[in-house]
Amino acid sequence: GAVVSQHPSWVICKSGTSVKIECRSLDFQATTMFWYRQFPKQSLMLMATSNEGSKATYEQGVEKDKFLINHASLTLSTLTVTSAHPEDSSFYICSARDFLGLKRPQHFGDGTRLSIL
Amino acid sequence: EDQVTQSPEALRLQEGESSSLNCSYTVSGLRGLFWYRQDPGKGPEFLFTLYSAGEEKEKERLKATLTKKESFLHITAPKPEDSATYLCAVGVGGSSNTGKLIFGQGTTLQVKP
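Here the protein sequences come in this chain order: A and B. Going left to right, the first sequence walks through residues 12 to 128 as my numbering numbers them. Going left to right, the second sequence walks through residues 83 to 195 as my numbering numbers them.
Hints are computed from structural coordinates only; laboratory data are not their basis. Check the hints yourself; a few may be wrong.
[What the hints assert, rightly or not] Heads up, simulated SDA-like pairs for lysine to any residue below, C-alpha to C-alpha not over 20 Å straight-line: (1) B:K194 to B:S102; (2) A:K25 to A:R124; (3) A:K114 to B:S89; (4) B:K124 to A:I23; (5) B:K139 to A:P116.
Isolated chain A, as found in the complex (with noise of 0.2 Å):
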């Protein structure tokens, strides 16, 4: 079936440190991927979405300076906290669908702790 890799699947950094997470589609294009964030016992927050090509869509209260989107070919999107502070620990997990949109089923990477110290 469709695999998602997300890497790395955690990160430890100092406060100020620019930290970068990539998403792959393995087997399929991804047109459209996105960026959710999940905060322990809560549900998926979408942040952002990002057409292939295309500047990323950012959800309301998403700063986007903060978390800088690139998905430049259809295989592959990344994510790069900027100046992360312990406030930006969460666990980020990237998603990818194809042309046919909801459609079909959207596959999840399985995420990526990120811990500011």
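Based on these hints, arrange chain B on the given structure of chain A.
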């Protein structure tokens, strides 16, 4: 405003004790209702998609149903390995190609042997 509400928040069952999880939704235009399973520290794993009221899907001990206002995930004779958080999501947006998923809070299921 589009909303998805799942109940109960948590459910404890004995092995073999069947039950149902509920997902209620209010959306302006439903473009599919999706059920996912999420294990701790992992991303959601796709289970089912339902598009029309009256539609049903089954997979092993799980059966999902859909009405115009809610969806149920029925678990028959659960086993400990069914323990997980079950997430319901509705597809919303301008079209099937541009829509997005809105997730409920999830139901955490624990099945004891």
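Status of the hints after comparison with the structure:
As the CA atoms of B:K194 and B:S102 are separated by approximately 16 Å, the hinted pair is consistent with the 20 Å bound. Among the hinted pairs, A:K25 with A:R124 is consistent with the structure: their alpha-carbon atoms are about 14 Å apart, no more than 20 Å. Between A:K114 and B:S89 the alpha-carbon distance is near 26 Å, which puts this suggested pair outside the 20 Å criterion. Annotation: proposed proximity of B:K124 to A:I23 holds, straight-line Cα distance about 18 Å (limit 20 Å).
Our distance criterion of 20 Å between C-alpha atoms is met by B:K139 and A:P116, whose separation comes to about 14 Å.
When each numbered hint is compared with the structure, a violation occurs for hint 3 only.
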